[in-house]
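Line order of the protein sequences matches chains A and B. Using the numbering used here, read the first sequence as starting at 1 and increasing by one per residue. Using the numbering used here, read the second sequence as starting at 404 and increasing by one per residue.
These are computed hints drawn from the structure, not numbers from a lab. These numbers come from a predicted model, not from an experiment. From the three backbone atoms N, C-alpha and C, an ideal C-beta is built for every residue, glycine too. Do not take every clue at face value.
Unchecked claim - For the chain B half of the interface with chain A, some residues (derived, Cβ under 7 angstroms), not all of them:
#1 Tyr410
#2 Leu419
#3 Ser422
#4 Gly442
#5 Cys466
#6 Ala467
What the hints assert, rightly or not - Pair ranges (Cβ atoms, derived):
#7 Asn43/A to Ser408/B: 34 to 42 angstroms
#8 Glu412/B to Gly312/A: 19 to 27 angstroms
#9 Glu236/A to Asp520/B: 30 to 38 angstroms
#10 Leu483/B to Arg132/A: 19 to 27 angstroms
#11 Glu236/A to Arg435/B: 46 to 54 angstroms
#12 Gly312/A to Asp543/B: 51 to 59 angstroms
#13 Asp390/A to Ser408/B: 56 to 64 angstroms
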Amino acid sequence: MQDYRKDFPIFISTDCVYLDNAATSQRPQSVIDAVSDFYVQSNANPLRGLYDLSMKATERYESARKKAASFIGAGRADEIIFTRNTTESINLAAYSYGDDAVKEGDEIVISIMEHHSNLLPWQRLAKEKKARLVFMEPDESGVIPEKEIEDKICEKTKIVAIAQVSNVMGIRNPVEKIIDRAHRMGAVVLIDGAQSVPHMKVNVTELDADMFAFSSHKMMGPMGIGVLYVKKSIMEKMKPFLMGGEMIEYVTREDATFAELPHKFEAGTVNAADAYGLDAAIDYLNMVGYDYIEKRDTELVNQMMEGMKKMGHITIYGSDDPSKHNGIVTFNVEGVHPHDVSSILNEDGICIRAGHHCAQPLMQFMKVGSTARASAYFYNTKEEIDRFLDCLSRVREVAGYGS
Amino acid sequence: MDLKSLYREIVNEHNLRPSHKAAIENPDVVLRGVNPSCGDDISLQLKFDGNVISDAGFVGTGCAISQASADIMIDNIIGLEKEEALKQAELFMGMIKGEVLSENQFDELGEAAALQDISHMPARVKCAELGWRTMKEIIDNKK
């Protein structure tokens, strides 16, 4: 194993076993330095200034856009809109594209596994337009069957929005098949890449995705910066999202014309420093490489699943195949509420998530109130998983179920 | 026994072997209390004899803290007048939000005082409050 841990100052400042990477990752020093360096070396309001410092800020912001475009295989930098995060990206798509594209009686198709951020914007749109929100459902192992795709996506479908990787099951959805079916029915597809981008190489051009959303903070970049990729031909038809400064061309008392793409969708002073931090995170991620990340994901998940199986009294959700979990193991300890599992582990310095994971309809579908989730990333170690498993094996005893 | 293990023992005892986790006969009021974000979901049942809470019980699901806290609360409030129960609820909620209580006030809370440590776990405050909050809502509505 490569020693990447030394690049992450948080592992020096704390002794925690951090297994909540699906919620947010940790950041390497190079990302922290980039954000700081932006303010030290190039701070000015970007995009408007006619002086050197502002031009340097603009250059850094725009170079981050180019980096983000090539990172996900987009053909052009102006197909990248910077947002705050995946949630804002999807809201932007639902308002600026959805409001005009969806009419009464139309259908919007998502899956029951979606994070609330890829559900509520479409719920809002469907309610306002009197359209129908349709849910694709997975089988026992978390896979959406082909028949489900054929049945749910039809001529009435205008938009399909689906996570590439589920934040609960960790499983990869058959997005290629979904995109193919949607396009044959004349629908536009948005892929939620929040959980996939940190773990697998994505190419939006090869996928033929119409829109693609992801967050910087789950892939070692700063919080507060996210991306929405939109095909140029679609973006041209979209109305603005937020109104205000930096997104206009010409303004009179009664009217305005808007800035060129993609600035039309980036109202107000932009988050240039964190975009520059995302630029550094992409460099770091590319340096580590997806081959290594995928190998480590599988090793760590395998170790967790094997350990849990030996323990007994533990239910693991999703696929039996560790390579299909993208670092995520969702589970329950028999007789112990997930919040208690998390609290008990916290006493030993182990950080895992418990609750509904922002996917309440999926919890209802799985007929569980909530679950515990341990999610690893390439910088986690075998020793950390040993420590996690050791503490997990004592949870039932601590909760009062004799030893 | 240190405070932490005392707390754990009391919570485990009331969670695994609750005294009041069952429907009561002919309740006057039944009210559901839910913590949507974590899935604690109880239905609290109260029976009154004039101003006095003559019987109480609850059914539902949730984490150990929510279930134990509701069970302990019922232990405390059976036989109390409405106003006394409300006063205890106020003391309890103050305690788990980190207010400093006098020794007399601690005594008044009885076993519920063992949940004092929740004040150091902000994420669990809602769990501990659920039963008390629901009881307060019932009595406030009856006024």
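Outcome of the hint check:
1. Tyr410: violated (11 angstroms)
2. Leu419: For Leu419/B, the interface hint holds, since the closest Cβ of chain A sits about 5 angstroms away, which is under 7 angstroms.
3. Ser422: Ser422/B check fails; min Cβ-Cβ to chain A is 15 angstroms, beyond 7 angstroms.
4. Gly442: Holds. Min distance 4 angstroms.
5. Cys466: holds (4 angstroms)
6. Ala467: Since chain A brings a Cβ to about 5 angstroms from Ala467/B, closer than 7 angstroms, the hint holds.
7. Asn43/A to Ser408/B: 34 to 42 angstroms: Given range 34 to 42 angstroms: violated, Cβ gap about 53 angstroms.
8. Glu412/B to Gly312/A: 19 to 27 angstroms: holds (24 angstroms)
9. Glu236/A to Asp520/B: 30 to 38 angstroms: Since the Cβ atoms of Glu236/A and Asp520/B sit about 58 angstroms apart, the hinted range of 30 to 38 angstroms is violated.
10. Leu483/B to Arg132/A: 19 to 27 angstroms: violated (52 angstroms)
11. Glu236/A to Arg435/B: 46 to 54 angstroms: holds (51 angstroms)
12. Gly312/A to Asp543/B: 51 to 59 angstroms: violated (46 angstroms)
13. Asp390/A to Ser408/B: 56 to 64 angstroms: Taking Cβ atoms as reference, Asp390/A and Ser408/B lie about 20 angstroms apart, which means the hint is violated.
Hint violations for this structure: numbers 1, 3, 7, 9, 10, 12, 13, all remaining hints satisfied.
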